[in-house]
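Below, each chain spelled out in residue letters.
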Amino acid sequence: MRAALLRIGTLLISLVLASVVVFVVLRLLPGDSAGTSLGVGTTADQLEQLRSELGTDQPVVTQYVQWLGQVVRGDLGTSFVSRLPVADLITQKLPITVPLSLAAFVMAALVSVPLGVFAAVHRRGPVGVAVSAVSQLGVAVPVFWVGVLLVLVLALQARLLPAGGFPRTGWDDPAAAVRSLVLPVVTVAIAMSAVMVRYVRSATLDVLDQDHLRTARSLGYGRWHALARHGLRGAAVPVVSILGIELATSLLGAVVIENVFALPGLGTLLLDSVKARDLPVVQALVLGLTAVVLVTNALVDLAQRAIDPRLRLSKEVAA
Amino acid sequence: MTALLSVDDLRVETSTGRTLLDGVSWSLDAGGRLGIVGESGSGKSLTALAVLGLLPEGMRATGRVLLDGTDLLTLPPRALGRVRGAQVAMVFQEPLTALDPLMTVGRQITGPLRLHRGLRGSAARDEAARLARLVHLTDTERILRSYPWQLSGGQRQRVALAMALACEPRVLLADEPTTALDVTVQAEVLDLLDDLVDRTGVALAFVSHDLPVVARVARDLVVMRDGRVVERTTVADALAGGEAAYTRDLVAAARAVTGLPTPTRTAPEDAR
Chain A
1 MRAALLRIGT
11 LLISLVLASV
21 VVFVVLRLLP
31 GDSAGTSLGV
41 GTTADQLEQL
51 RSELGTDQPV
61 VTQYVQWLGQ
71 VVRGDLGTSF
81 VSRLPVADLI
91 TQKLPITVPL
101 SLAAFVMAAL
111 VSVPLGVFAA
121 VHRRGPVGVA
131 VSAVSQLGVA
141 VPVFWVGVLL
151 VLVLALQARL
161 LPAGGFPRTG
171 WDDPAAAVRS
181 LVLPVVTVAI
191 AMSAVMVRYV
201 RSATLDVLDQ
211 DHLRTARSLG
221 YGRWHALARH
231 GLRGAAVPVV
241 SILGIELATS
251 LLGAVVIENV
261 FALPGLGTLL
271 LDSVKARDLP
281 VVQALVLGLT
291 AVVLVTNALV
301 DLAQRAIDPR
311 LRLSKEVAA
Chain B
1 MTALLSVDDL
11 RVETSTGRTL
21 LDGVSWSLDA
31 GGRLGIVGES
41 GSGKSLTALA
51 VLGLLPEGMR
61 ATGRVLLDGT
71 DLLTLPPRAL
81 GRVRGAQVAM
91 VFQEPLTALD
101 PLMTVGRQIT
111 GPLRLHRGLR
121 GSAARDEAAR
131 LARLVHLTDT
141 ERILRSYPWQ
151 LSGGQRQRVA
161 LAMALACEPR
171 VLLADEPTTA
181 LDVTVQAEVL
191 DLLDDLVDRT
201 GVALAFVSHD
211 LPVVARVARD
221 LVVMRDGRVV
231 ERTTVADALA
241 GGEAAYTRDL
251 VAAARAVTGL
261 PTPTRTAPED
271 AR
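Those protein sequence lines, which keep their order, are chains A and B. If you count by full-length UniProt numbering, then the first sequence holds residues 1 to 319, one letter each, in order. If you count by full-length UniProt numbering, then the second sequence holds residues 1 to 272, one letter each, in order.
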């Protein structure tokens with residue numbers, strides 16, 4: 001309990017540090033949102049006026065404190081470009097990006113955990129060798145290339161699924177929304193599975209070599225029973241940490257893959273906002289992604305402590 | 001007396017064709033005490049693993065391992081699973097790695113009780129506590145709730161013994177069970193093993209590189225070298241001067257290092 005609180009404390013400190021870094025780095029970038037939004041041929045007076053409206057003429061520290069105070073109250077500011085609240089802009093995009101990355105993550109986990117365990121147990125068999133080889137290929141190939149290939153075969157040739165875009169009606173037409181997400185989800189899932197299957201396989205191989213698994217066999221447990229009872233828990237410790245990393249990666253992967261499939265999600269919003277120097281949107285998105293990564297890491301740590309008693313108990317005999 | 005367990009012309013080869021065990025034969029009577037000695041690499045541990053069909057991947061055993069006339073080498077995996085732990089159990093050299101670090105000792109002992117004897121819940125816990133007392137663990141409640149890495153080396157090996165004896169096997173294979181322990185703890189565990197064999201009537205095959213240790217618990221002796229049996233004799237005869245030159249070398253070496261005593265202990269038949 002005490003350790004869990006401590007971990008949450010560290011998480012809060014990391015979040016504050018991350019917000020400072022995000023804020024400062026974005027101020028250091030060349031380019032000025034006032035200049036970008038007004039375009040060529042504006043007078044110095046007009047620029048000054050807009051800057052004071054946007055608050056970008058204030059010292060950086062003042063800007064940061066104001067911004068952080070707003071963020072804590074749930075106010076992410078107003079877009080320089082569209083003049084809409086940033087929170088609204090982001091909320092609109094969540095129904096695309098969140099299902100995309102979560103579905104890809106769940107699909108990848110469901111495929112790669114059993115496949116990785118199987119490939120480890122049958123490491124010398126044809127399936128084990130094939131899984132190793134294919135996953136190696138999967139790691140080497142870029143995500144967007146997989147996406148383009150799937151579009152070519154399944155959308156343009158076989159015409160089974162849309163090549164891109166998202167229905168204007170959104171989730172009001174669930175069938176159409178799901179159809180437009182299938183290819184992007186599969187693309188991200190393939191890329192993630194390739195990495196995950198390798199981690200699961202090597203974690204299981206480590207466990208299979210351990211003496212206590214042989215002890216379990218010597219007591220009469222079958223190969224799979226022994227692995228399930230004495231192996232998977234141990235293998236879960238490194239696998240949980242890679243699952244955490246991959247969950248965060250699936251969000252970042254969405255940025256690239258939304259572009260390939262012309263999906264108006266968070267990734268597209270981020271790219272558009274960077275191009276337009278729309279600072280409030282960019283910093284809210286970057287901070288949000290960073291927060292997701294940090295929170296996931298904290299959850300991974302807590303999960304590992306729950307799995308492995310050596311991480312939470314002393315070496316003394318149980319009380 | 002008919003042999004309970006007999007190993008007959010056992011050969012173990014690697015997938016690359018290297019021969020690791022060559023024509024190993026010995027037998028163990030019900031209630032017998034067999035010591036298997038030899039230097040490291042002589043194949044003594046491999047013999048024990050081959051008996052239970054637990055050879056590392058890529059090794060193949062041929063010959064016969066007869067338990068009451070049933071050849072364990074040709075037994076299908078399910079049937080072999082019913083022999084392991086229930087009829088023939090094993091204790092390994094390094095108790096820390098031989099036990100699961102992520103599971104409490106209590107759950108590890110109740111595992112085979114549930115698997116072979118169908119005990120669960122409080123019946124299994126009570127039996128685990130009885131077994132813990134059988135291997136002279138004190139404060140059993142606390143120990144059963146602990147993880148292996150929270151125990152001392154001696155306690156861990158006692159736990160491993162309790163697991164192995166949980167289903168009252170007829171044969172106990174002990175593979176260097178005291179080698180990883182401190183000398184004083186080693187003596188305690190050997191006394192315990194000696195006592196357990198007397199009390200439970202389990203037949204013991206004790207594998208060790210250490211002749212004085214073997215001499216404390218075994219009566220019959222198999223001397224191995226380079227994957228072959230050099231001599232089958234008794235501990236008493238070997239100490240009196242074995243037939244094979246290699247056995248005499250082993251005895252002389254052990255005497256030079258530790259001052260090996262002449263055995264005086266009585267045969268276990270009249271111990272109970």
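Simulated from the structure, these hints should not be mistaken for laboratory data. Hints may be right or wrong, so weigh each one.
Okay, derived cross-link-like pairs now, EDC-like style, lysine to aspartate or glutamate, Cα gap no bigger than 20 Å in a straight line [as the list claims (entries may be wrong)]:
no., chain 1, residue 1, chain 2, residue 2
1, A, 315, B, 139
2, A, 93, A, 211
3, A, 315, B, 188
4, A, 93, A, 173
5, A, 93, A, 209
6, A, 315, B, 168
7, A, 275, A, 301
Do the hints match the structure? See the list:
no.	hint	in the structure
1	315(A) - 139(B)	holds, 17 Å
2	93(A) - 211(A)	violated, 51 Å
3	315(A) - 188(B)	violated, 23 Å
4	93(A) - 173(A)	holds, 16 Å
5	93(A) - 209(A)	violated, 47 Å
6	315(A) - 168(B)	violated, 31 Å
7	275(A) - 301(A)	violated, 37 Å
The structure fails hints 2, 3, 5, 6 and 7 (numbered hints given earlier, in ascending order).
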